[in-house]
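S.K.: Below, each chain spelled out in residue letters.
There are 2 protein chains.
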Amino acid sequence: MTDQSINSERLWSRIMDMAEIGEIPRNGSRRLAMSQDDIDGRELFLAWCKNRGYQTFYDKIGNLFVRRSGTEVSALPVVLGSHLDTQPNGGRFDGMLGVLAGLEVLETLDDHKISTRKHIDVAVWTNEEGTRFQPAMMGSGVFTGTLSLPETLATKDSNGVSVSDELIAHGYDKGLPPGNHRIGRYIELHIEQGPVLEAEEKTIGIVTGGQAIRWFNVTLQGEETHAGPVPMASRKDPVPALARIIDLVFQIAEVDMASRATIGEIDTFPSSINVVPGQIQVSVDLRSPDESVLENMQQRFLEGIQTIAKANKHLKIEANCIWHSAVVQFDKDMVDAVRGAALKRDYAAMEIVSGAGHDAFNLARIAPTTMVFIPCKDGISHNEREYASPEHVEAGANVLLDTALQFAGKIVSAAQDANAGERV
Amino acid sequence: MTDQSINSERLWSRIMDMAEIGEIPRNGSRRLAMSQDDIDGRELFLAWCKNRGYQTFYDKIGNLFVRRSGTEVSALPVVLGSHLDTQPNGGRFDGMLGVLAGLEVLETLDDHKISTRKHIDVAVWTNEEGTRFQPAMMGSGVFTGTLSLPETLATKDSNGVSVSDELIAHGYDKGLPPGNHRIGRYIELHIEQGPVLEAEEKTIGIVTGGQAIRWFNVTLQGEETHAGPVPMASRKDPVPALARIIDLVFQIAEVDMASRATIGEIDTFPSSINVVPGQIQVSVDLRSPDESVLENMQQRFLEGIQTIAKANKHLKIEANCIWHSAVVQFDKDMVDAVRGAALKRDYAAMEIVSGAGHDAFNLARIAPTTMVFIPCKDGISHNEREYASPEHVEAGANVLLDTALQFAGKIVSAAQDANAGERV
Chain A
1 MTDQSINSER
11 LWSRIMDMAE
21 IGEIPRNGSR
31 RLAMSQDDID
41 GRELFLAWCK
51 NRGYQTFYDK
61 IGNLFVRRSG
71 TEVSALPVVL
81 GSHLDTQPNG
91 GRFDGMLGVL
101 AGLEVLETLD
111 DHKISTRKHI
121 DVAVWTNEEG
131 TRFQPAMMGS
141 GVFTGTLSLP
151 ETLATKDSNG
161 VSVSDELIAH
171 GYDKGLPPGN
181 HRIGRYIELH
191 IEQGPVLEAE
201 EKTIGIVTGG
211 QAIRWFNVTL
221 QGEETHAGPV
231 PMASRKDPVP
241 ALARIIDLVF
251 QIAEVDMASR
261 ATIGEIDTFP
271 SSINVVPGQI
281 QVSVDLRSPD
291 ESVLENMQQR
301 FLEGIQTIAK
311 ANKHLKIEAN
321 CIWHSAVVQF
331 DKDMVDAVRG
341 AALKRDYAAM
351 EIVSGAGHDA
361 FNLARIAPTT
371 MVFIPCKDGI
381 SHNEREYASP
391 EHVEAGANVL
401 LDTALQFAGK
411 IVSAAQDANA
421 GERV
Chain B
1001 MTDQSINSER
1011 LWSRIMDMAE
1021 IGEIPRNGSR
1031 RLAMSQDDID
1041 GRELFLAWCK
1051 NRGYQTFYDK
1061 IGNLFVRRSG
1071 TEVSALPVVL
1081 GSHLDTQPNG
1091 GRFDGMLGVL
1101 AGLEVLETLD
1111 DHKISTRKHI
1121 DVAVWTNEEG
1131 TRFQPAMMGS
1141 GVFTGTLSLP
1151 ETLATKDSNG
1161 VSVSDELIAH
1171 GYDKGLPPGN
1181 HRIGRYIELH
1191 IEQGPVLEAE
1201 EKTIGIVTGG
1211 QAIRWFNVTL
1221 QGEETHAGPV
1231 PMASRKDPVP
1241 ALARIIDLVF
1251 QIAEVDMASR
1261 ATIGEIDTFP
1271 SSINVVPGQI
1281 QVSVDLRSPD
1291 ESVLENMQQR
1301 FLEGIQTIAK
1311 ANKHLKIEAN
1321 CIWHSAVVQF
1331 DKDMVDAVRG
1341 AALKRDYAAM
1351 EIVSGAGHDA
1361 FNLARIAPTT
1371 MVFIPCKDGI
1381 SHNEREYASP
1391 EHVEAGANVL
1401 LDTALQFAGK
1411 IVSAAQDANA
1421 GERV
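As you go down the protein sequences, you meet chains A and B in turn.
First residue of the first sequence: 1, per this note's numbering; consecutive thereafter.
First residue of the second sequence: 1001, per this note's numbering; consecutive thereafter.
There could be a bad hint or two in this list.
Derived Cβ-Cβ restraints for the label pairs, each shown as a range [claimed, not checked]:
1) 1165/B x 24/A: 26 to 36 Å
2) 310/A x 1165/B: 48 to 58 Å
3) 161/A x 1311/B: 45 to 55 Å
4) 1323/B x 314/A: 42 to 52 Å
Here are the computed lysine-lysine pairs in the DSS-like style, where the Cα-Cα straight-line distance is at most 25 Å [unchecked claim]:
5) 50/A x 174/A
6) 1377/B x 236/A
7) 60/A x 50/A
8) 113/A x 50/A
9) 1236/B x 1332/B
10) 1156/B x 377/A
11) 1236/B x 1113/B
12) 1316/B x 377/A
13) 1156/B x 316/A
14) 410/A x 332/A
15) 313/A x 1156/B
16) 377/A x 1060/B
Some chain A residues judged to face chain B by a derived CB distance under 7 Å, without partners named [what the hints assert, rightly or not]:
17) 253
18) 272
19) 348
20) 351
21) 379
Simulated from the structure, these hints should not be mistaken for lab results.
Backbone N, C-alpha and C define an ideal beta-carbon position, used for all residues, glycine too.
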């Protein structure tokens, strides 16, 4: 039996149309959360949805939902989704792929006149990127109750504009209480944002869950002084100790092949070529798919920091954990369904653990959840050069379609039964 | 024979009055070059000068000059000076001390009705700090011909305002051609900006010259990627190599006690906690009072960078020298005059090499020049906490007075001869 497939040309052309909203040089897109470009992107998406007559609604944190109704009115929906906001120098696939492939699933079902028992919804989660407003995964965080609505609404960007200001300005303030709209299952299609699928020549990543993540701020407090007059021995220069902290962090990451350590931010103050920094701030991001491994990494990190602090008594060195996210295990039945869909369509597939955070991690707290990955060129994401091939986009959307249908319950019509019968 | 001394209360009160222009919390001052606060500071200074009837004039880069005329109209002046602009979080002494002590010398001579053969001028050099407009020591650089006037006038601050814009706005554009006003000798009183005089319990630093300085930009180019998905071995992360560069720089500084190495700026791009930096920019400042030692330091630094680059072929690492300043040797007779003045007044004094750059380094190219240092508390400068004691300020100004008088040629009147005779 051959299943229906998505319309890959339509999906590709919608991705390209969306990329023109907030377009930046070198094929990039910039739609910072709740900026006018983000709103314009949502409007384009809503126009496509309304054109099909789908019901749309939103909640008080600006999460958007589109519904293709099922026959069982009171059953909880199968939700497909992701986000439309981007990084400042974002690409064309991170987020958009999951949303637009979700819409493509609905339209494919319409095109083939397929009914489902359960509703299939497409969700657009507010501010997944966390670049303009922190934290990331904001909309899904509020929806799933890990973030407080009032505190999140009060969050301000660097210009002092709050989330609430923007929601009011764009007419998103009168929505449903977030989370009031219960969901049955959640499936998110996304580019891998890493090089593994490409290197292994796989088309589909069967995502079994997400890495545990811990974020730290390290502060090295010394004493600001002029680069010329003060002898080296009299200085309280934090820079030499920074080298020890870098060595420590990268040594910790050698624990196994699956763990990660990243120093993304190093800030010297006052940052002048002829001034010994009085202070350095360093960010540390540690990840592992194994919670106990990460616990051990954290312990070695904090002990290492203490050792460095003892060896540098002229400085004040502190490390604080500022955020953590536990290991996420996706729903076994849903992971199996993704594997089955890839197998049936003969797509080369492998199991993979998500290294990046996704809205699906939040959703996994409240409903059976899984993700589908497709490769992205050279593993590059959060960058204008981000690219996924039309073939991989098509394959990912077909796996999304099949998995959604399996859990939404395809209603086989008499005509389709007859067709099926002919082929036996 | 007891010489005339400066009026220490008047000088101290003028320093405190000047500090109120552009005052910032914690006793700091902010008078960025050619900002309204800098102009207001100059106006206050000019009001004091005009009150005494001194001739004032300026040049096309905004350098201000105040003249107390000598009897030999065509003789080149002895110039005392420094600057009135400050760092963004500047203190009350860096720059102002040399200017206001210069004015105090003129007023002391008036108070005691002392004539000199040569003119004594006080110079206020434009933009010594180089915080708003680069490079530093701009006014003295143009005056001495090391900087081009047209290029310097076109220099813009981070808001796109040029030096020329500000000079026109504040009426400083119609002055003399810089350097047209030739000078005979230059003496600059300044706080040490380091801890040596305080540690050695000396009141006067007999400055024999300035360290040679070389500035480098180091760029580590890797590849920006997400902190989660990409395995450590697949990354092009420049951070581990940064640790090697830090170690290299501080190892080089161990060559002797007098040399210095500073990493003041480290910038990661894009600077996000969950993004492996695609690029790091590092500033390196190397100094030595011995040109050949500094040459050797530079060679070791550049060779070390090449070694690190070879060991990190996944990165592109480059180091470029962006500025250098040769060793400055002050005029032997003037250094001896400072030593003699300190000895005569019984101030504890020692020879010292300036680690910081000063306008005097530029002036030394065109005229016999020297500097006088006084201690500053804890060696702190470029900071609101910068402090020099009234006793040290008085001592420094007295040495400035005596040295200026020696080279300007005090004309001993009959009355003073008679007094001197009484004391014999």
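S.K.: A separate judgement is required for each hint: does it hold in the structure or not?
M.R.: Hints versus structure:
| no. | hint | result |
| --- | --- | --- |
| 1 | 1165/B x 24/A: 26 to 36 Å | holds, 31 Å |
| 2 | 310/A x 1165/B: 48 to 58 Å | holds, 53 Å |
| 3 | 161/A x 1311/B: 45 to 55 Å | holds, 46 Å |
| 4 | 1323/B x 314/A: 42 to 52 Å | violated, 29 Å |
| 5 | 50/A x 174/A | holds, 20 Å |
| 6 | 1377/B x 236/A | holds, 16 Å |
| 7 | 60/A x 50/A | holds, 21 Å |
| 8 | 113/A x 50/A | holds, 18 Å |
| 9 | 1236/B x 1332/B | violated, 54 Å |
| 10 | 1156/B x 377/A | violated, 41 Å |
| 11 | 1236/B x 1113/B | violated, 73 Å |
| 12 | 1316/B x 377/A | holds, 22 Å |
| 13 | 1156/B x 316/A | violated, 38 Å |
| 14 | 410/A x 332/A | holds, 21 Å |
| 15 | 313/A x 1156/B | violated, 42 Å |
| 16 | 377/A x 1060/B | violated, 57 Å |
| 17 | 253 | holds, 5 Å |
| 18 | 272 | holds, 5 Å |
| 19 | 348 | violated, 19 Å |
| 20 | 351 | violated, 14 Å |
| 21 | 379 | holds, 6 Å |
Consistency with the previously given hints fails for numbers 4, 9, 10, 11, 13, 15, 16, 19 and 20, ordered from lowest to highest.
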